[in-house]
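J.: For chain A, the structure is supplied; the task is to place chain W with the ligands on it using the hints.
In the order they appear, the protein sequences are chains A and W.
Residue 1 is where the first sequence starts when you use UniProt numbering, and the numbers rise one by one after that.
Residue 1 is where the second sequence starts when you use UniProt numbering, and the numbers rise one by one after that.
Bear in mind the hints are in silico, worked out from the structure with no lab data behind them.
For glycine and all other residues, C-beta sits at the position ideal for the given N, C-alpha and C.
Mixed in with the good hints there might be a few duds.
Straight line, CA to CA, 30 Å or less: simulated DSSO-like cross-link-like pairs of lysine-lysine [to be verified]:
1. W:K215 - A:K353
2. W:K400 - A:K330
3. W:K215 - A:K136
4. W:K200 - A:K37
5. A:K133 - W:K406
6. A:K133 - W:K400
7. W:K310 - A:K242
8. W:K215 - A:K37
9. A:K293 - W:K210
10. W:K420 - A:K293
11. A:K242 - W:K406
12. A:K221 - W:K210
13. W:K406 - A:K136
14. A:K221 - W:K196
15. W:K400 - A:K338
16. A:K257 - W:K406
These stretches of chain W come out as covered by chain A in the derived footprint (C-beta under 8 Å, 3 or more residues) [claimed, not checked]:
17. 176-189
18. 193-204
19. 211-225
20. 425-436
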Amino acid sequence: MTMPPSEEREESFKPETLVDILPLYYNRLFPCETFIKWLSYGNDELEKREFSFTLDGDIYLRYLSFKDAAEFKEELKKKKPIKIDVGAVYANTLKDKRITQKQPTEREMVFDIDMTDYDDVRTCCSEASVCQKCWKFMVVAVQCLDVALRDDFGFNHLLWVFSGRRGIHCWVSDEEARTMSGWERGCVAQYLSLLTSDTKSTRRIILNSERLDPPASRAVKIVETHFNDIILNDQEVLDSPKGVQYLLDLVPDDVLKQECEKAMADKIDSVSKWKAFCKTVQYHNQEDVKAKKGRRRRIQTALLIEEVMLHYLYPRLDIHVTTGLNHLLKAPFCIHPKTGYVCVPFNPKHVAKFDPTAVPSINVLLKELGNFEESTASENVREYRKTSMNRSVAIFDEFVYSLARMKNDPMEF
Amino acid sequence: MDFTRNPRRTLQKNYDAELSSQFPHDLQLYNKIPKSTILIHEFEEIALERLKALRIVETVTLRGFVKFSEEWRKNFHEELKKQDLKSLSKLYSSLGVSNTAPNYEARKKDLISHFILCLAFCRSDELRNWFISKETDLFVARFEELSTEGRKEFMELNNIDFQPIPQEEKKAKFSRLLNTFQYMNATQFDSADFYKVPFKKVLELVRSRKVLLDKGQAYVASGDLGNLLASKLRQEISHSLAVMKQCLPETTADIRLDSVLKCLLDQYESGTYKPTTTSSNTIRIEDLDELSKKSYPPCMRRMHETLRAKHHLRHAARLQYTLFLKGAGLSLEDAMKFWRSEFVKVMAVEKFEKEHSYNIRYNYGKEGKRCNYAPYGCNKIMNSQPGPEDASGCPFKHSKPQELRKLILSYGIDSNQGLKDVMEYVNSQQPVLACQKLFVLSHPGKGVEFGLCHPNQYFTESRTIITGVNVKQEPGSTPSSAVNSPASTYATPSPGRARENVNSSSTPLSTKAVLNRATPMSSRKMLNVDNKAAGKTEPSKDEVADWMDELDDSDFSQLEAMDTTN
Ligand SMILES: [Zn+2]
Ligand SMILES: [Zn+2]
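Chain A with its partners taken away, still in its complex shape (with noise of 0.2 Å):
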């Protein structure tokens, strides 16, 4: 299936008229009985579930829950919003009225990457705009988190969503982590954020030793291979004095800041710029270890390379996200409000090739579903197989589905 360019599709949806195409969305698209087999893991707890609606008009639905696909479905045609966001399982039923305290006991671990939190390394598009060049931010940070939670975790269930506009979200959902208090999401955002050692002004990170450690090191590894391509050459981040004075600032020392101003001075693009301040850090860390100097001034410098890579970029998470077990988050296959674009599950290891411009737009969709009827008179295709939203349900169905498998739980495609 191929796609039409952006431009055409971007220029056909209108806000607006989003509320109108919605009931047709959500009858024929949207994936409810996979959506709901997911929430539900193969148990009873669904009704515990929080689900929030958002109206058109500002009007928000809280504690939401239903007792099955079907009157979800009901739901979704019936009160047509224009978001809904996926809260935690609660301790009780939410339809019981009775129940005043409500104590979030299960949920999703969450993560939220923001193009906006990029804002001060990020030259190309800023605030809520994003063009292909932006999306490689987040192709480095998916695969930086994607291995740590697998390898280091022990996670295998994660579903990656992009959110329709300018950011990601990760779901775990293996049970493990959905069992997890606030605190202890906590700790586990922080060890991803590689933010614990010392931390002065203005480097997001600071290892503070003269080796890496297994997970930094990790990451140093995928930095490394986009750093040239997306810091260096796409947004040329040191071709203007500002960025080179947001480089220099990154600099502990001073004699070494001044050196690397000296060193940079007579380049004039990103890349030999950053050459010359590559070579200036390694020939002050050499001298620094020929004079024999102490332990505390080397660990000042030695692998300043490395986090200024990684200070660029290494993601760059929203903490309260993950750690609020009862924080409400946007569900895959929502429609993107402003944009008109759906929130579709991407597979991680193919993020280098996800286009967030060509991401399907529900008139679209709608518009596929009207030509493929046009054209072909099967009965027994899946009505989202008909459109471009099909390789991202295909995703989902596989993580649902692999979910299934672990409990043992039959389910049918």
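T.: Just chain W with the ligands now, with coordinates in the frame of chain A:
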């Protein structure tokens, strides 16, 4: 039949025997519901003592000592002695098991006071988190203090059997282990033992990347055993708190018990600071910019700066900031002038007069219900739910990390460690501690002697330090004195507190507790032996209910005899 047998003596003997089997070690994991009850005034006393001890744990850490370092432990012990917490101080300095005169009473109090605080602190996440983190810290400190022998005994008694990983596994993971535990030199590494546990058991270590993680398993170095145990304790406490929470309906139904527990929480939360709403210390508009840089807590500073930059604040922020200014001593006239001067930059004077001046007078108690509204405390601010565009709320809880860092750095913190320390509290969801740490860092050279719970308190303390003049009005409400003597503030509510309570709901509560204390029901000790439960069982809801019944049981007469034997 033996007529010579002294029934009292036998009872006493049984009592001792029972205690020694219940409390074989100075340190415990609190996984058994106390089998003994105590009189109600002692109940309050030991609970308050424990609360004080947990506060000390907090203060010593805030003073900047590295947790559980020798310095930290020394400081902690000195403070325990200074505040006359005899029972804990004794336990703290003894070696564990093989001492000649085991202090069973102290061990018993240790257990009971822990559970009383559980009852009080199970009520909200915020309280729970604070309690768990301080209790585990206290535990690790005590564990570190034990002799090698004492540690071993402790592990044996609690069936904790850690097996180091075999040599082959150590070899297979050689380079990764070496790069994780970089502080070890080659010889240390060769002789070091590593333990493998699920990562969830050592999250404190995971957090600071002090373990090697592999597929959900954490490799822990033997030096971190205390932390490994702390995670076990953390689980036990979480469990107890969950059970206690289920019992809340019963707990709160018991008025006497409830009032004691509420007073405890009062002590923890606001008992340490009540802002004076009729301040005679005045501040002037022209000083606000400077004050905001030097003495405002970040929450207020952020709103002040937003107001200066945008000439507008949204509703929640207006309210939060007006009340703070009122508490800080800005007169109504000046408040009007101040807000008007900013707002008219973006709106017509008429609009301001029509829409906003009323509200300001209202907040000063000059309109409407004419209620003199109190400035918001940290808890209220933290529990608010500001939207993404709001400048209100607590930055340590509600701001995005990037913005927060900027805000913290704007306090001119120059120490390497500073930002890290503050952020560590933020990341472990302890916003108040983060704020207090910032206070310490931005007022260098001054030890902090108060437990922060109110932005106006932050401000007042800061002014006191900077101007050298005590701007606090009544000694009865000064935070430091309240912290140092919770028992006395509690027993006789200070006139200051009573008067300042706009809605006086907490006054009868205290009175009630004082009255209860004097009733004859609170008379005797009793020991309730349950052999079945002497083994290792986690507290269940029923057990807690039983225990609470006992606490509340006024019929202690059968044991009257026992006490008179001494
Ligand atoms: Zn861009
Ligand atoms: Zn504050």
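J.: Against this structure, judge whether each hint is valid.
T.: Evaluated hints:
1. W:K215 - A:K353: holds, 28 Å
2. W:K400 - A:K330: At roughly 18 Å apart (the allowed maximum being 30 Å), K330 of chain A and K400 of chain W satisfy the hint.
3. W:K215 - A:K136: holds, 27 Å
4. W:K200 - A:K37: Cα-Cα ~27 Å, so holds.
5. A:K133 - W:K406: Roughly 27 Å separates the two Cα atoms, so the pair holds.
6. A:K133 - W:K400: holds, 24 Å
7. W:K310 - A:K242: holds, 26 Å
8. W:K215 - A:K37: holds, 27 Å
9. A:K293 - W:K210: Measuring from Cα to Cα gives roughly 26 Å; hence the hint holds.
10. W:K420 - A:K293: holds, 25 Å
11. A:K242 - W:K406: Holds, at roughly 18 Å.
12. A:K221 - W:K210: Holds, at roughly 21 Å.
13. W:K406 - A:K136: Distance of about 26 Å is within 30 Å: holds.
14. A:K221 - W:K196: holds, 27 Å
15. W:K400 - A:K338: holds, 23 Å
16. A:K257 - W:K406: Roughly 22 Å between the alpha carbons, so the hint for K257 of chain A and K406 of chain W holds.
17. 176-189: holds (count 4)
18. 193-204: It holds, with 4 qualifying residues against the three required.
19. 211-225: It holds, with 6 qualifying residues against the three required.
20. 425-436: Coverage by chain A holds for the segment 425-436 of chain W (3 residues, Cβ < 8 Å).
Consistency note: the structure conflicts with none of the earlier hints.
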